[in-house]
Amino acid sequence: MNFTENQKKAIQANRPVVGVSAGAGSGKTAILVERIVYLLSNHELWGGVQPGLNRIAAITFTDKAAAEMKARLRRRFKQEVQGCAHPDRMLFWRSMEHQVESAHISTIHSFCAAVLRENALHFNRDPDWKVLKEVEAARAIEGAITDTLNALLEQNDPSACRLALQMSRQEIKSVLKKMLLNRWDYLAVWEDMPVESADQLFDRWEKSFPLLYRSFLQKLKHAPQLDYFLSALQEFDGASLNPSDVREKARASYIRALTAIKLGQEDSEIFLNEINRDFLDLRHSSKGWDKELFKALGVVLGQTRDWIKEQVLCPERLYDSMMRSAENTFDFWVLFRKANEKVQQIRNATASLDFDDMINETLYFLKSDPDLCRRIALSYSFLLIDEFQDTDSRQLSIARMLADVAGGPSLFYVGDAKQSIYLFRGADVSLFNGEMGRDSHAVSMQDNFRTLPDVLHFVNDFFVRSNLLSSVEAYGGMAPQRTPLKECRVECFITESKENVEMRRRAEAAFIAGRIAEMCGGETAVQVRCSNDRDMRPASYDDIVLLFRRGSQIHFFESALRAARIPYNRIAGEGFFKRREVLDVIAMLKWVLDPWDEEAMLGVLRSPFVGLSDEDLMSLARTEKGLAASFHDDTSDPLLKHPERLAQGRLLFRDLYRRREWSPARWLDRLLSLTCYESVLMDHRMGLQRVSNLRKLRKMAENFSQTDLDVLTAFVEYLEEQSVREMKEGEAELQSKGMGAVTIMTVHKAKGLEFPVVFLPDLDVGTRSDTRDKIVFFRDNDFAVQFSGGRRGFEDSGFYQLLRRINRLDNQLELARILYVAMTRARDYLVLCSQADATLFTWAGILNRMYALPDRADGEVLCDDNWQLRIRREQPIQPYITPERKEYPVPDEDRILARLQSPANEEQAKRCISVSALLDIMGFGEDQEEAKRNEFREASEFSEGEDSSALIVKRAAAMDRGTLFHRIFELWDFKKDLLPPLDELIHESGLDFREAKEFRATMEEAIAVFRRSDSWRLFSGAGSIEREMPFLLKLDDCLLKGVIDAVIDQRIIVDYKTGHAHPDSRERYRTQVMLYGAALWKIRGILPAKGLLWYVDQGFSEEFSICPADLEEVMRCVSLNLQKC
76 MNFTENQKKA IQANRPVVGV SAGAGSGKTA ILVERIVYLL SNHELWGGVQ
126 PGLNRIAAIT FTDKAAAEMK ARLRRRFKQE VQGCAHPDRM LFWRSMEHQV
176 ESAHISTIHS FCAAVLRENA LHFNRDPDWK VLKEVEAARA IEGAITDTLN
226 ALLEQNDPSA CRLALQMSRQ EIKSVLKKML LNRWDYLAVW EDMPVESADQ
276 LFDRWEKSFP LLYRSFLQKL KHAPQLDYFL SALQEFDGAS LNPSDVREKA
326 RASYIRALTA IKLGQEDSEI FLNEINRDFL DLRHSSKGWD KELFKALGVV
376 LGQTRDWIKE QVLCPERLYD SMMRSAENTF DFWVLFRKAN EKVQQIRNAT
426 ASLDFDDMIN ETLYFLKSDP DLCRRIALSY SFLLIDEFQD TDSRQLSIAR
476 MLADVAGGPS LFYVGDAKQS IYLFRGADVS LFNGEMGRDS HAVSMQDNFR
526 TLPDVLHFVN DFFVRSNLLS SVEAYGGMAP QRTPLKECRV ECFITESKEN
576 VEMRRRAEAA FIAGRIAEMC GGETAVQVRC SNDRDMRPAS YDDIVLLFRR
626 GSQIHFFESA LRAARIPYNR IAGEGFFKRR EVLDVIAMLK WVLDPWDEEA
676 MLGVLRSPFV GLSDEDLMSL ARTEKGLAAS FHDDTSDPLL KHPERLAQGR
726 LLFRDLYRRR EWSPARWLDR LLSLTCYESV LMDHRMGLQR VSNLRKLRKM
776 AENFSQTDLD VLTAFVEYLE EQSVREMKEG EAELQSKGMG AVTIMTVHKA
826 KGLEFPVVFL PDLDVGTRSD TRDKIVFFRD NDFAVQFSGG RRGFEDSGFY
876 QLLRRINRLD NQLELARILY VAMTRARDYL VLCSQADATL FTWAGILNRM
926 YALPDRADGE VLCDDNWQLR IRREQPIQPY ITPERKEYPV PDEDRILARL
976 QSPANEEQAK RCISVSALLD IMGFGEDQEE AKRNEFREAS EFSEGEDSSA
1026 LIVKRAAAMD RGTLFHRIFE LWDFKKDLLP PLDELIHESG LDFREAKEFR
1076 ATMEEAIAVF RRSDSWRLFS GAGSIEREMP FLLKLDDCLL KGVIDAVIDQ
1126 RIIVDYKTGH AHPDSRERYR TQVMLYGAAL WKIRGILPAK GLLWYVDQGF
1176 SEEFSICPAD LEEVMRCVSL NLQKC
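1200 is the number that the working numbering gives the last residue of the sequence shown; the numbers go up by one with no jumps.
One thing to keep in mind: the hints can contain errors.
Said to hold, decoys possible - Straight-line alpha carbon distances no greater than 25 Å define the calculated SDA-like cross-link-like pairs of lysine to any residue that follow: (1) Lys-413 to Trp-265; (2) Lys-716 to Ile-988; (3) Lys-139 to Leu-1110; (4) Lys-716 to Leu-1110; (5) Lys-413 to Leu-227; (6) Lys-139 to Lys-205; (7) Lys-1109 to Leu-763; (8) Lys-1165 to Gly-1096.
Stated by the list, open to error - Here are the computed distance ranges between Cβ atoms for each label pair: (9) Leu-1053 to Ile-1161: 53 to 59 Å; (10) Lys-774 to Lys-205: 25 to 31 Å; (11) His-1135 to Ile-1161: 31 to 37 Å; (12) Lys-366 to His-1135: 20 to 26 Å; (13) Cys-1192 to Leu-714: 43 to 49 Å; (14) Pro-670 to Arg-150: 54 to 60 Å; (15) Asp-1058 to Gly-841: 38 to 44 Å; (16) Asp-446 to Ala-554: 25 to 31 Å; (17) Met-165 to Arg-450: 58 to 64 Å; (18) Thr-425 to Ala-554: 53 to 59 Å.
Just so you know, the hints here were simulated from the structure itself, not pulled from any lab data. By construction, the Cβ of each residue, glycine as well, lies at the ideal position given by its N, Cα and C atoms.
Take the sequences, apply the hints, and build the full model.
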C-alpha cells in the first residue's frame, strides 16, 4: 500500500505522545495496523526490551473493531512472513501471527477487566468475580431503590418525606434510577467539593453561577443561531438613515451583543443586559422606513429576541426558587448515596461488577496504589487508542496514568473530533482536542480514500459554508483521492410545505422506494465502484442504506419498501421485537406462564405453531365458555375446519407447560425442536433474516440462562424491558453482501461503515424537548433538580435552567457532527430528503438556506466547479422495477405435515389491526385518548442517547386517569346506583397523594354531572348492559380487533371519551361507532339502532344513528383503504 506523507508520519512517529486526527475515509484502521507492524519491525524503538505483540495494548471502541484489527494483523504478519528472506525474521513474524489471538487488543472494558482479574488478590477481591449482565445490573438498581425508599419512609427520614410530599414514588424512583445508572458521574461531581447541606449547595451554586454563565457564552459562539441572526440583521445595514430611530437602535444593540459573543468578548454580558433592559419590546414606529423593510426587519428582530430571551439571557437567580431547588437536589443526593450503598452491598455480596464498575475500580486502584500503577505501566511499551474522540475523562485518566509512568508505554491515539457522536454515553470531545494540543507535532490526515469527489466536494462545501463544525475544528474540507466522474452524484428530494408530518413521511418513503427501484433496475441503474476499486458496476439492493437519526419514523419507510417488493434488513430501532417470528415466541412464553392469557393464546393459535384459521378461532370464541376455556377442556366443535391442528396445538401447549420450570435457553430449544419453526420460516420471504432473528433470540436466552434469574418469568420481563429500552435491539445482523437487501439503520450504528449509496430521510426532524426532565446533569460542575410549584407543577430554578441550556447547546452542536458522520458514509451516491418550510435550525432548514432549495424547480441542477446537486420534487415516473428473483414453489402441505406437528397456514399471514389503527389508515385525525397512548409509546422509542423515564411516568399518569374513568363505568351498578370503591381504585392506580386528591375531586364532579344527564336515565333503566366487550371482525384480508365499552339492551353502543370534544374528531368517532355496529351485526346478527358517545370531562353526549346503508358505505370505504395499504 502506498501511504501519503501524513500517513507515514503517523505510522513512524517516535514520541512519548503521538496524536493523530484522522478524517472520515482517511484509512485510520489501516494506519493503526501498520503502526503495530512498524513498531515490531524496528527493535531500536523498544529501549532494550525484546519486541513482542504482548507488550502492545490497543484499545478499540467495540469488540467488532477489535476482531477486525486482529484479522488485519494476521494478514499483515502473513505478508511479512512471505516477504522474508532471513529465517530468523520469518520465525519472528510467525510467532507474532500466533500471538494475535491472545494480544491485548480489546475494548476499554475488557482491558480493565483483565487488570482487575490479574490483580484481584492484591485488591483483596474474589478473582472469579462475574460481569453483571445488563438485566441483572438494572434489577439490582431497581431493587436497591425500592428497598432504600421504603426503609427511609418508614423511618420518617426528612429528605425522603420532603420529596414524597412533592412527587409520587414513581417519580422519585425515576430520578434515582437515572442517577444510579450514571452513579460514577454523580459521585465524581461532588468528590472534590463535598456538600453537607442544602445551604452549602446553594452557596456553591451562587459562587459558580457567574463563571458557568460566562463559559456558556463562550460555547454559544458556535451555535448556528448566532451566525444566522447576526447575518440576517446585518443585511439591513443602511435601511435606516436615522441612527436615533428606535428600531434601528434595537438592531444595532442586537448586532453588538451577537458580535461580542461571536468574538468571545467579556463585555457581551453588558450588551445582553442592554437588550434585556431596553429592547425586548419591539413595538416601534415605522416613520421614516420603507414599509416592506420595516416589516421584514421586525420579523428578524422578533426571531432574534425570542432566541436571546429564551436561550441566551442569564436566567434569573431568585433566592426562593434557587433555595427550593437546592433543597430538592440535596435531598435526592441523600437518597442517592444511601441507595448507592445498597447497590455496593449487592455488588460485594455477589462478587460482581458491571461495565462502569470495571473502569472506575481500575482507576481507583491505579490512583490509590502507585506501585501497582507502575507495575502495570511497565508491562507495556506502547499503548494505542482508537476512536479517541469518544473517550471520557475516566478512560483518559487511565491512559494518562499509565503513559506518565517513567519507562511506561508511549501513547498513540487516533480519532476525529468531527465524528464525536456519543455524548449520551459520556464522551467529551474537548478531551480529544485538549490531548491534540499536548502533541506539538500532531498529525492531521485529511485525505479521503472512500468517497467520490463528486460527493465529497458537496459535503465539504456544505460544512465549510454552514460553519456547523466550528465547535470542534475550523473545517476546511477533506481532499478526495478518487478520480471524479464529473457527473451529478448528489440529489435532494423536497416535500411540499402544505403536507402534514405523516404525509411528508409517506411522500419521502414512496420517493425513496421508487428511486431505489430506478437505481437498481435496467437502463436507469446507478453505477457504483467494484471491489477492485477500479471498475464500475450497476448498483444492487446490497449497496443501499437508509440512515436515520432515530427510529420513530422508520415504519413508514418499511411499508413503502414492502409495497415496492424491495427486500430490506433493519439493523436499528425496535424492529427486532416487532418481528412476527419474535412476537410468536414471546406470545408462547406468555401463554405458558399464564394459560388464561387470551391475547397471548390468540397470537399462538394464529401463528405457524398451531395454524388455526380465523373461522376456527371464531368458532371457539363463540362458545359459552369462551376461547380459553374451550381450548383447555378439550372442547371439540364439529364446525372446525382443522380439528387436527387444534389437537396438535393442545399437545404442544401441554408439553411446553410441563417444562415451564426449565431455563429459557433449554425451553426455547424444546419449542423450536417440536415445531420445526425455522424450517417453516425458511419457506417464506426473507426466510434467512427471520431465522437469524430466532437465533438471536436464542442467543439472548442463552446469555440470560447464565444469570441468577434463570427462569421463564424473569426472561419474559427482561424481553419486555428490552423492547422499550432507549438502545433498542435491531434485527439479527446478516452478511449484507450477496443478501440482496437494502439496509436500514441509525447513524450511530453506521459509524465506521461505508455504503455505495446513502439515503438520508427525515432531515426536517427537530430536537426533542427536555422540559420534562426533573433532574439535569452537567459533568463539569454540578446537577440540579426541579422543585414543586404547587398547582403550577414543577418549576425550574435559575441554576437548573442554566445547566439545561448548556446541555441543550452541547446536544445541538453534536447534531452537526451526527450529520457529518451520516453524509460521509456515502461512497458513490448521496440522496437527501428535505422539506420546503423546514424549521430554521433543523438539518433540512440549514440545507434550505445554504442552497435556496425551496425556490428550486424539479429537475434543476445546482452546479459548482466540483459538484452537482439535482433537485427532485416529483415522485419517480416509472413504475417500480425489481430485478428478477427466484420464484419459490408453494410448499407442499403433505410434505410439511410429515416434518412438523402443524403446518404453516398461509391464511394466518393476515394482518390483525386495531380499530384505532384502521381509523388512522383511513386518514382521520387522532382522538385525544389514542394520542396519549401514542405519546406513551413514543416516550420509549429509539432515540440514541435520550433518557425518557420521567417522560414515560408523566404520560403514564395521564393514561391512568382515562383508565380509571373507564374502570368506574365498567364496575358501576347503574340499576342500584352503586359505585365501585373509589378510594380502592385510586390506590390501585398508583397515583401519589397530590394526584389522587385532585383526581378524586374531578371524578366526583364527573359522576354528579352524569347522574343529572339524560344518559343516566338510559343507563339506570336498561334491561341489560354488556361491558368491555371484545371482538374480532374479519375485513377482507385483515382481522379487526376492538373492545366496545358498553352495549345497552343489545341496540345502543356506548363509548366513553375523556378529554374534550373537537369538531375534527366527529367523523372519526362516527366511523368508529359504525365499525362497532358492523361487528355486532356480523357476529350476533343484531343491528344496533344507534351509537352514543359520553364525554366524561365535559358531561354531555353525542348520538349517531346506525342503519344498513350507513354501515355499507363505511365498510366500502374501509375496504378501499385496506387495499391501498
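We went through each hint and held it up to the structure:
| no. | hint | result |
| --- | --- | --- |
| 1 | Lys-413 to Trp-265 | 15 Å, holds |
| 2 | Lys-716 to Ile-988 | 24 Å, holds |
| 3 | Lys-139 to Leu-1110 | 47 Å, violated |
| 4 | Lys-716 to Leu-1110 | 20 Å, holds |
| 5 | Lys-413 to Leu-227 | 9 Å, holds |
| 6 | Lys-139 to Lys-205 | 22 Å, holds |
| 7 | Lys-1109 to Leu-763 | 31 Å, violated |
| 8 | Lys-1165 to Gly-1096 | 17 Å, holds |
| 9 | Leu-1053 to Ile-1161: 53 to 59 Å | 28 Å, violated |
| 10 | Lys-774 to Lys-205: 25 to 31 Å | 19 Å, violated |
| 11 | His-1135 to Ile-1161: 31 to 37 Å | 32 Å, holds |
| 12 | Lys-366 to His-1135: 20 to 26 Å | 41 Å, violated |
| 13 | Cys-1192 to Leu-714: 43 to 49 Å | 32 Å, violated |
| 14 | Pro-670 to Arg-150: 54 to 60 Å | 56 Å, holds |
| 15 | Asp-1058 to Gly-841: 38 to 44 Å | 43 Å, holds |
| 16 | Asp-446 to Ala-554: 25 to 31 Å | 48 Å, violated |
| 17 | Met-165 to Arg-450: 58 to 64 Å | 34 Å, violated |
| 18 | Thr-425 to Ala-554: 53 to 59 Å | 54 Å, holds |
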